[in-house]
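Going down the list, the sequences are from chains U and V. Here the working numbering is used: the first residue of the first sequence is 1, the next is one more, and so on. Here the working numbering is used: the first residue of the second sequence is 1, the next is one more, and so on.
If you're looking for bench data, these hints aren't it; they were derived computationally from the structure. You may find that some hints are simply not true.
Since the list gives no way to pick one copy over another, a pair counts as held whenever it fits inside one copy or between any two copies.
[Claimed, not checked] Only pairs whose alpha carbons sit at most 25 Å apart, straight line, appear in this in silico PhoX-like list of lysine-lysine: (1) 115 x 154; (2) 154 x 139; (3) 144 x 115; (4) 154 x 144.
Protein chains: 2
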Amino acid sequence: MNISPPPQDYEAAAAQDDRIDLRVWLRLLSCSNLIEAEIRRRLRREFGVTLPWFDALAQLDREPGGLTMSDLSRRLMVTNGNATSLIDRLEREGHVERSTEPTDQRVQRVRLTRKGRTAFGRMHPAHRRWISELLADTKQADLKRLQALLANLKGSIAGALEDTALKSESRSP
Amino acid sequence: MNISPPPQDYEAAAAQDDRIDLRVWLRLLSCSNLIEAEIRRRLRREFGVTLPWFDALAQLDREPGGLTMSDLSRRLMVTNGNATSLIDRLEREGHVERSTEPTDQRVQRVRLTRKGRTAFGRMHPAHRRWISELLADTKQADLKRLQALLANLKGSIAGALEDTALKSESRSP
DNA sequence: ACAAACTATTTTAGACTTAAAACATTGATA
DNA sequence: TATCAATGTTTTAAGTCTAAAATAGTTTGT
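Make a model of the complete structure from these sequences and hints.
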């Protein structure tokens, strides 16, 4: 029947022969995938929406003034083109509306409609509850440590990415 | 020109009002997405392959005897249908080959061809190097802590998933 | 003022992905 | 042994995603 993605490993075989950084990366990926798949499943089952829809609604919900397409795609960490088609669908469903910025005709401002805000309002508490459930077996102290470590990790990665970006930029000055 | 996904946040605005479990989840997701996007970019640029191709080759490379389609999709954490189309493409390129298991005609065993093994052999060291680069700014001690904490986290999540699976199963005994 | 460079968004082509249904084979059981 | 549930894989439909090219509006240097 093949309803859902297999709840399995991915890193197992890497175990012994690999370096610690690789192992950290694979575990990170596993955790992330496990949670994401379950949230996706529940959003569909309980609310009939996809994960990208929920993500977009969530970003827009906390910006009552709306967001430009570029801002939105940056926050969702997807390409502009992807954001365009996603917002197209959400607009068709009446969850969001687009308006051209008067000061700069290039930019499109996207806002939640009343319908979109209401829909998200129903999903939001459930989503929080699900995350809490999934992380419930992890000790508070461990969560605190993870919170701090992941913040640093994120900063380090961002730094490394900037470095490589600068390096490849300086090839043609 | 819009070459790559925007290297940005996703969690920023969640900051203060949310619970620690939500914040851990969002940071986890950010880290995972940042690394994944960069690896995807480099695989395309340096080797002209997609990330799913690399992942599939990697899983097959460490199983000289091959894997069944189900095993493969479990390891890649994707649906069976997804694995089918992925392997179709890899087979068309000559990187893998399928063979029907004699003992059970339903199962398809997938193996790397020589070409596939060679291709992966070129990518593997580069991939390791990239991961090391991206995590280079994080202290070894922190990586060790993350390794342990993420192992626990993964176990906890898996446990929580099993619980909900069992619960929904027991509705119809 | 005008061309060139730049920015914001959309379009396009193709690959990836999920969920559900369909198909095929196996194994158990009446 | 004929049926039927279970298992492994593929197919299908719709949506998601990326990278690159195209479009359209804005700014800058002269």
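Hints, one by one, checked against the model:
1. 115 x 154: neither (35 Å within a copy, 37 Å between copies)
2. 154 x 139: both (22 Å within a copy, 13 Å between copies)
3. 144 x 115: Answer is neither: 36 Å inside a copy and 47 Å across each miss the 25 Å cutoff.
4. 154 x 144: This pair counts as both: shortest intra-copy Cα distance 15 Å, inter-copy 16 Å.
The earlier numbered hints that this structure contradicts are 1, 3.
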